[in-house]
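Student: Each chain, written out:
There are 6 protein chains.
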Amino acid sequence: MHLTIVNPNTTASMTRTIGEAARAVAAAGTVIEAVNPDSGPASIEGYYDEVWSIPGMLEEMRARPASDAFVIACFDDTGLDAARSLMAVPVVGIGEAAMHMATLLATKFTVVTTLAVSVPALEHNVHKYGFAHRCARVRACEVPVLELEDPTSDARARISAEIARAKNEDRAEAIVLGCAGMADLAAALSAEHGMPVIDGVAAAVKLAESLHALGLKTSKAGGYAPPRPKAYRGRFASAGVSTDG
Amino acid sequence: MHLTIVNPNTTASMTRTIGEAARAVAAAGTVIEAVNPDSGPASIEGYYDEVWSIPGMLEEMRARPASDAFVIACFDDTGLDAARSLMAVPVVGIGEAAMHMATLLATKFTVVTTLAVSVPALEHNVHKYGFAHRCARVRACEVPVLELEDPTSDARARISAEIARAKNEDRAEAIVLGCAGMADLAAALSAEHGMPVIDGVAAAVKLAESLHALGLKTSKAGGYAPPRPKAYRGRFASAGVSTDG
Amino acid sequence: MHLTIVNPNTTASMTRTIGEAARAVAAAGTVIEAVNPDSGPASIEGYYDEVWSIPGMLEEMRARPASDAFVIACFDDTGLDAARSLMAVPVVGIGEAAMHMATLLATKFTVVTTLAVSVPALEHNVHKYGFAHRCARVRACEVPVLELEDPTSDARARISAEIARAKNEDRAEAIVLGCAGMADLAAALSAEHGMPVIDGVAAAVKLAESLHALGLKTSKAGGYAPPRPKAYRGRFASAGVSTDG
Amino acid sequence: MHLTIVNPNTTASMTRTIGEAARAVAAAGTVIEAVNPDSGPASIEGYYDEVWSIPGMLEEMRARPASDAFVIACFDDTGLDAARSLMAVPVVGIGEAAMHMATLLATKFTVVTTLAVSVPALEHNVHKYGFAHRCARVRACEVPVLELEDPTSDARARISAEIARAKNEDRAEAIVLGCAGMADLAAALSAEHGMPVIDGVAAAVKLAESLHALGLKTSKAGGYAPPRPKAYRGRFASAGVSTDG
Amino acid sequence: MHLTIVNPNTTASMTRTIGEAARAVAAAGTVIEAVNPDSGPASIEGYYDEVWSIPGMLEEMRARPASDAFVIACFDDTGLDAARSLMAVPVVGIGEAAMHMATLLATKFTVVTTLAVSVPALEHNVHKYGFAHRCARVRACEVPVLELEDPTSDARARISAEIARAKNEDRAEAIVLGCAGMADLAAALSAEHGMPVIDGVAAAVKLAESLHALGLKTSKAGGYAPPRPKAYRGRFASAGVSTDG
Amino acid sequence: MHLTIVNPNTTASMTRTIGEAARAVAAAGTVIEAVNPDSGPASIEGYYDEVWSIPGMLEEMRARPASDAFVIACFDDTGLDAARSLMAVPVVGIGEAAMHMATLLATKFTVVTTLAVSVPALEHNVHKYGFAHRCARVRACEVPVLELEDPTSDARARISAEIARAKNEDRAEAIVLGCAGMADLAAALSAEHGMPVIDGVAAAVKLAESLHALGLKTSKAGGYAPPRPKAYRGRFASAGVSTDG
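Chains as they are written, first to last, in the UniProt record's numbering: chain A, 1 to 245; chain B, 1 to 245; chain C, 1 to 245; chain D, 1 to 245; chain E, 1 to 245; chain F, 1 to 245.
Excised from the complex, chain A in its bound form (with noise of 0.2 Å):
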């Protein structure tokens, strides 16, 4: 199968991350292409960035007709419904994705992201998805996106100690990674602590790969419906869908 992976933002060394992380664990058939939309912003702190990503991403994946299935490689699953509604084939967020695995390892999970600025959307997302009794907390590190790829930074410390907390304080069973720049530390920190440590972007990569071999698609029988042919205008004109279909 064509898997696409479309990382919002436009960072092109972060997608080369998750493609890499992506690739680790997909399955013999399964090509792998990381994309990342040309425009918008270079990391995704907070609600004002998501809203500026989602053009360039359901772009990157209108222009990907053939591709058996997407995947969206920001924890706050930006876009997310948009694109389900977009594309006919399964569209997986990396949050909801490591969030629905958690639930099927453990009683309860912590989220450990970036930013505090993120906590809210998370804990939306968290009360939206149906698991805000078995998420314990949604927890900050404060080390923001781009830090992530800096190999001199202390990241890597500040998650685990903040890992540490959620085992003691939360009573975490499991601790949910909140970015996808966090996607090659999972296995070292799951050693680290005993506990498992999950990845939203390969839990999304085996949830889509999933998915296309149940054959099963987006429905499109309510919310998920294709957008209405009308008119749209300016700059935006090319997103419009017509009449003809």
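The set of hints was computed from the structure by calculation and includes no laboratory data.
A quick note: this is a predicted structure, and the numbers were derived from the prediction, not measured.
All C-beta atoms, glycine included, are put in the ideal place defined by N, C-alpha and C.
You may find that some hints are simply not true.
[Claimed, not checked] With a straight-line Cα cutoff of 25 Å, these simulated DSS-like cross-link-like pairs (lysine-lysine) come out:
no. : chain 1 : residue 1 : chain 2 : residue 2
1   : C       : Lys230    : C       : Lys220
2   : F       : Lys128    : E       : Lys220
3   : A       : Lys167    : F       : Lys217
[What the hints assert, rightly or not] Short, incomplete list of chain E residues facing chain A, as computed with Cβ under 10 Å:
no. : residue
4   : Ala116
5   : Val119
6   : Pro120
7   : Ala121
8   : Glu123
9   : His124
10  : His127
11  : Ala132
Given the structure of chain A, go ahead and fit chains B, C, D, E and F onto it with the hints provided.
Tutor: Below, chains B, C, D, E and F alone, put in the same frame as chain A:
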């Protein structure tokens, strides 16, 4: 005060209707400016249209730094969290406004919106705002948004019929009109059905005036902190906030 | 409009403070009348006091059939549902008003009230209104209600200290002041802590004005239907609604 | 033990029916005293009537310091929290009693009450007690409370018809009778419909006996702490608790 | 009445303690029979032990068709739904019993159980029963079940220390003891901490007596319908219900 | 990988159907072993049957220490928590698997199961997993489990009719088949109704493969800690875990 109402879709005639509805309830000292972006969908029907209306909407807001408050005139409360992050002054969505008002008047309300494709997004908002136990149902009357502008349509009759069903089947005590384009129908439908029928545009104008009069502004202490300075690339380069401030 | 604010306790000095706070935010055309019953407790601290304040409060309302709206100036929203049943015009509680406003400005708020004995009643209201996922905590600063009237008290310092704790421990983005007697402190505390601090009296005045301006009245279609005509006996005989009307 | 059952309305014939229902299930050593206040509404139908029944009810309780427990015999559990604050011994409401018992016998129950005006108050109690996922529906049979006393009424037939609907439409496995005046119908309706039909008066008597037998009393450590000593003014002066005691 | 209390573990000394606790609160006419299965775990600590205790427990019940009611004396309410399906008479779990009683006495309670491994199962029950907003926390004092039988253990001190923490940190107004083996400690701990401390064994005895006295039986109209006749194979062949009834 | 699928009932023909459904979707490197216990009920219909299927199911698991993951092939997710405690490798229930997958494809799903007696247990699972706001309804088509094996039955037609009702009455966007015995119907029913129809066996196989591929195991840090060493008596003596480990 200067109150900017942004209709996030690009249909100017609908913006005019919204502006008139707003002016009809505005306080003496309130100057209403109703605008819409140049770029984006002609109407917002479902998750996909939402996404493409937000960038233009935010630009209209950013271009008005002297505005004392903003109203988002789409019942989906499109881009509300991002707008709150961007602006220091209050931002009110017409969906939340109408629902908050309804809970002050009735123990249970029903939302009557346009198309079934929008129902899940609205149900999600109901859940997000905490009104799941107060909202009896979200109903669609299957009238497309722009048909509300068409004087030859039987839209009003279909909305009225749906209100009657809400009263009988849902035991609704109040009705929330689920589209900015229904703003001019509220009073007549309320008289016809003998119960409060709430238009979100009017409700949001009063809430925005209220917050301004109280000197209250959006909290910058958490999820609505200002966008972090960072590089924005490509055609959205101008959306980024510079390090200078 | 004529807006009656009923302080349900019998402390006239507190009624004056509330009236002044209301007038300070009222619109040009709003005539504020602040009243309190002759009979009942000097302050409302816990479930028992609530009960004895409601009959007098309802009589004050019933004696003002020409009032365009009512505000109940006790943070417990004492007798709110009964008042809505009795009166045709809007009735707003200061507790609900402040909480609704808070959700328009912040993703999470903390309530700072007077005594621990009131916390369960307020938590119940939070749950009833649907804000359990938006209210980080209900805190008590252990200042009795009437001490708020005492200029020599350190009440303000204790409230401020509790707000600091709410910011640090609860990650609150806004504060709701949990007593009508704190009405005059909101602005200074907001400036001190750099986040919205919301007074319910002011919030309720604006909501009541808003509902009136919109021509909206309490729904009589369900739980707030007028009291049924029936015999009331003994010293409450006059509270009954006669069959004649 | 001495168990006082307070019918909060002023209809003595209904108090007698309630007393008989209570005595029919009371344990050998339980002395049942059924009382009602002299002042207040003849029946409780909606929020307004509730308010006026509570002062008299509390006075009946306060006048019986030697009673070992109290039952509030109105399905709205009128004034329950205030009564728990006032008295040291257990206080049980018939609404909560019946619902608790129902959850021990069935996975889902429906409440059948008198008038639609009471449904929101009962739905609120269901939500407050935590049984929203166990209560299939609150139904009204549109029989006024006092008509239950009228032997020529078709009240029983209408209640039975509503139970049949609950079974078929709600998949209810048990029925909770939503009015103290229905106490004498439970056994026959249970036999007729082949499922548990629970009367709150009987349920509350047994729960009150149980709490007493276990030596359990209302907690005074939080929301049910005794009323604070303070001035009560006017005709309610005697309701205040003095500093001496 | 004949009331059978089944301790689902196989430790006879614990069964005796439970039986004594039950007899201490039973009504004059109640004959208590405390039993345990021959097969299964010596104590129930976690999900795995639960499973192996249920078959033996059900067999003890099935062997007593004349019993008027049953109590399951494990705080996990092990096998409760299955037991209700099997028996026509009431079945009460000690966990649910204690929690129901707690909500009649306090606005908020904390559970103090034995080991951390049991906390998720108990939190699940709290959620299932609807008490998530009433249960402040489920705490473990890290005392293994059978150590409660050991007079030289410091178990009582550790439980008492945990209750103190519940009072200070959770603002708990009542304590629910989370293990049948703590039955004999409730009264002393209640006196020590000045708040209700509830033992589930005693609570369940009174609820079972109550249901029996009211003539109420488990509903057979839905989820607790009798087991369908079908083949049971192998060593569990005798557990099957034959077509003959 | 070696994936063991345990059908907890004792009907070997159903185990074969399940095994075939599993192999049809398994990845190239997955060896599927479908087994069932020798002892226990021929089908699982309600709470009672569940209990008797779990011991045999756990023994089948314990006898396969080299298996890389397990699937529990009963839609009730029978014994899931106990199995997770016992085994170190991932264990997935077909009920949870199908529901998780459904939420990735649709905003709202309906479960179509066999008999009404199972509906409450499934509703409980929906609530436990957090999907109460995503599951429109749990419906029963009143086809007994073993009739699904009978080629002359009209089971398929009745299931299809129930799906049609789910689409029209519940506004379901996807269907979850509520019995392992329906595994072979999913594709055809999906084509017939034009919406995703999800079989839990297939879904669970892919989730188990995914967890294994990611190197994730059940957390042993809390509720799923290994069974504590202790004495197991009587015919279940061998189920106990010895102190030796």
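Student: Taking the hints in turn, state whether each one holds.
Tutor: Status of each hint after checking the structure:
no. : hint                : in the structure
1   : Lys230/C x Lys220/C : holds (18 Å)
2   : Lys128/F x Lys220/E : holds (23 Å)
3   : Lys167/A x Lys217/F : holds (17 Å)
4   : Ala116              : holds (8 Å)
5   : Val119              : holds (7 Å)
6   : Pro120              : holds (4 Å)
7   : Ala121              : holds (9 Å)
8   : Glu123              : holds (8 Å)
9   : His124              : holds (8 Å)
10  : His127              : holds (6 Å)
11  : Ala132              : holds (7 Å)
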